[in-house]
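**Student:** As a plain string of letters, each chain reads:
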Amino acid sequence: MKKYSKQCAVVLCGIVFLITAGCSSMKTPATADVAVSKAAVENAAGAGGAEFAPVEMASARQKLVLANKAMAEKDYKQASILANEAEADAKLAQGKARSAKAQAAAEALDADIRFMREELNRVNP
Amino acid sequence: MKKSVFIPGLLAVAALVSACSSMPSSTSLLEQTRVDYAVARSNQNVAIYAQPEMNRAAEALGHANEAANKNRSGEKIDELAYIAKQKIALAQEVGRQKSAEAEVANAGHERDRIRLEQRTNEADKAKLDAQIARSETTEAQARADRLEAQLADMSARKTKRGMVITLSDVLFGTDLARLNQDGMRTAKKLADVLQQNPQRTVLIEGFADSTGSASHNQALSDRRAMAVSNALQEMGVARERITTRGYGESHPVAANDTDQNRQLNRRVEIIFSDAYGKVLAR
Numbered sequence: 001m002k003k004y005s006k007q008c009a010v011v012l013c014g015i016v017f018l019i020t021a022g023c024s025s026m027k028t029p030a031t032a033d034v035a036v037s038k039a040a041v042e043n044a045a046g047a048g049g050a051e052f053a054p055v056e057m058a059s060a061r062q063k064l065v066l067a068n069k070a071m072a073e074k075d076y077k078q079a080s081i082l083a084n085e086a087e088a089d090a091k092l093a094q095g096k097a098r099s100a101k102a103q104a105a106a107e108a109l110d111a112d113i114r115f116m117r118e119e120l121n122r123v124n125p
Numbered sequence: 126m127k128k129s130v131f132i133p134g135l136l137a138v139a140a141l142v143s144a145c146s147s148m149p150s151s152t153s154l155l156e157q158t159r160v161d162y163a164v165a166r167s168n169q170n171v172a173i174y175a176q177p178e179m180n181r182a183a184e185a186l187g188h189a190n191e192a193a194n195k196n197r198s199g200e201k202i203d204e205l206a207y208i209a210k211q212k213i214a215l216a217q218e219v220g221r222q223k224s225a226e227a228e229v230a231n232a233g234h235e236r237d238r239i240r241l242e243q244r245t246n247e248a249d250k251a252k253l254d255a256q257i258a259r260s261e262t263t264e265a266q267a268r269a270d271r272l273e274a275q276l277a278d279m280s281a282r283k284t285k286r287g288m289v290i291t292l293s294d295v296l297f298g299t300d301l302a303r304l305n306q307d308g309m310r311t312a313k314k315l316a317d318v319l320q321q322n323p324q325r326t327v328l329i330e331g332f333a334d335s336t337g338s339a340s341h342n343q344a345l346s347d348r349r350a351m352a353v354s355n356a357l358q359e360m361g362v363a364r365e366r367i368t369t370r371g372y373g374e375s376h377p378v379a380a381n382d383t384d385q386n387r388q389l390n391r392r393v394e395i396i397f398s399d400a401y402g403k404v405l406a407r
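Residue numbers (the numbering used here), protein chains in the order written: chain U, 1 to 125; chain G, 126 to 407.
Read the hints as simulated data drawn from the structure, not as lab findings. Heads up, some of the hints might be wrong.
Unchecked claim - Derived DSS-like pairs: lysine-lysine, alpha-carbon spacing no greater than 27 Å straight-line:
| id | chain 1 | residue 1 | chain 2 | residue 2 |
| --- | --- | --- | --- | --- |
| 1 | G | K283 | G | K195 |
| 2 | G | K195 | U | K77 |
| 3 | G | K195 | U | K27 |
Said to hold, decoys possible - Distance ranges between label pairs, derived from CB positions:
| id | chain 1 | residue 1 | chain 2 | residue 2 | range |
| --- | --- | --- | --- | --- | --- |
| 4 | U | P54 | G | A251 | 37 to 43 Å |
| 5 | U | V55 | G | H234 | 16 to 22 Å |
| 6 | G | N180 | U | K6 | 37 to 43 Å |
| 7 | U | V55 | G | I132 | 57 to 63 Å |
| 8 | G | N180 | U | Q7 | 22 to 28 Å |
| 9 | G | H234 | U | K77 | 51 to 57 Å |
| 10 | G | A227 | U | V55 | 23 to 29 Å |
| 11 | U | Q7 | G | E184 | 44 to 50 Å |
| 12 | G | S167 | U | A32 | 51 to 57 Å |
| 13 | U | A32 | G | E184 | 15 to 21 Å |
| 14 | U | Q62 | G | R197 | 23 to 29 Å |
| 15 | U | T31 | G | R166 | 31 to 37 Å |
| 16 | G | N180 | U | V55 | 21 to 27 Å |
| 17 | U | A35 | G | V160 | 30 to 36 Å |
For every residue, glycine included, the Cβ atom is placed at its ideal position computed from N, Cα and C.
With these hints in hand, go ahead and build the complete structure from the sequences.
**Tutor:** Structure, rendered in structure tokens:
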């Protein structure tokens, strides 16, 4: 009887340990996910995401807020999901901003060249 | 007989059941993401410029597909599909960005090439212009030299206002209004020079001495200037190339004290214009 209760205690201890470990092992990656996502949102904002990709930028910000809320509520799984989505949105916003700028530069240069070519043809027909 | 029907039937049922159980679940978002992926795959810019992004998108789509194959919840599949969809869109944007950047680099070279061509042309044109200007100057100088040589016969003087020829009193007839034979010969020479130098015009100025009234002298100077003008026109010089002006007894070249000096003052001066037909007014 005594031996049985000792075994029982060991098993209980193991369960408690597993649950704790599980929780903490969920907490660490979620924290990292949120941090990465926050950096991605900041980068995107710096690259002009709000101007060139307002939809993705707003979505990323909203999801980051919700991820932080989930962290506060210790819903680490949900926090991770939201942080990952926010990161994907932010990276897309940054990509859109960069591509819009590059395309604008290409068009401006194109117009420049067209003008110069016309000028050249006008001066030297 | 009964057994032979039973066994294939059982097999068919088993096949159906197994097919059902292995039928992967999917969501409309996942379907859409797969379409997006196929579109991105066939995009040339993505293939050239966004291979790393495309690999990450493929990995993300793989996770979503795996979740679908394992019959995970629609919510879970959508989570993964969403990430994959955004990554595919990112690959598209990177493809656009890098191809635009490549275009900028090419355009930069093109612009430099055009600039160089422009400068070369400008330099060539400047050289040509200088050459033309030089040859024009040389030509103008040659023409001026020729004119001077032609007028030298008529004892022309080079003045600030241009080449000046003085027709003295002795070239006019006694009626005062017409040139005599010598005068007409000189006028003929003048007309020839004017024909050979079509860009020049002449200003004919008449002068008188101080004998008699000022109005008489004014009329005399006018008439003498007109006499030369008429002679030149008769010899084919266009009227618009000739301007006449009478100055009466003003602007004497000698004191009106002796007959000889007074004769010097009774004169007509013919001033040749510059190469542009302009004569400085007195």
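**Student:** Confirm or reject each hint.
**Tutor:** Now for the hints, and whether the structure bears them out:
1. A distance of roughly 112 Å separates the Cα atoms of G/K283 and G/K195; the hinted pair therefore is violated under the 27 Å criterion.
2. Only pairs whose Cα atoms come within 27 Å are accepted, and G/K195 paired with U/K77 is accepted, the gap being roughly 20 Å.
3. Restraint check for G/K195 and U/K27: the C-alpha separation of about 26 Å stays at or below 27 Å, so the hint holds.
4. At about 53 Å, the CB distance of U/P54 to G/A251 disagrees with the hint of 37 to 43 Å.
5. Roughly 36 Å separates the CB atoms of U/V55 and G/H234, a value that falls outside the hinted 16 to 22 Å.
6. Checked against the hint of 37 to 43 Å, the pair G/N180 and U/K6 fails, with Cβ atoms roughly 54 Å apart.
7. Checked against the hint of 57 to 63 Å, the pair U/V55 and G/I132 passes, with Cβ atoms roughly 59 Å apart.
8. Hint check: G/N180 to U/Q7, Cβ distance near 51 Å, so the stated range 22 to 28 Å is violated.
9. A C-beta distance of roughly 53 Å is found between G/H234 and U/K77, which places it inside the suggested range of 51 to 57 Å.
10. With their beta carbons about 27 Å apart, G/A227 and U/V55 fall inside the hinted range of 23 to 29 Å.
11. Restraint check, U/Q7 to G/E184: a C-beta distance of roughly 45 Å satisfies the suggested window 44 to 50 Å.
12. Taking the beta carbon of each, G/S167 and U/A32 are about 36 Å apart, not inside 51 to 57 Å as hinted.
13. For the hinted restraint 15 to 21 Å between U/A32 and G/E184, the CB-CB distance of approximately 19 Å keeps it satisfied.
14. Range check, U/Q62 to G/R197: about 25 Å between beta-carbon atoms, so the 23 to 29 Å window is met.
15. The beta-carbon spacing between U/T31 and G/R166, approximately 35 Å, falls within the hinted interval of 31 to 37 Å.
16. About 26 Å separates the C-beta atoms of G/N180 and U/V55, a value consistent with the hinted range of 21 to 27 Å.
17. For U/A35 paired with G/V160, a C-beta distance near 33 Å keeps the hint of 30 to 36 Å intact.
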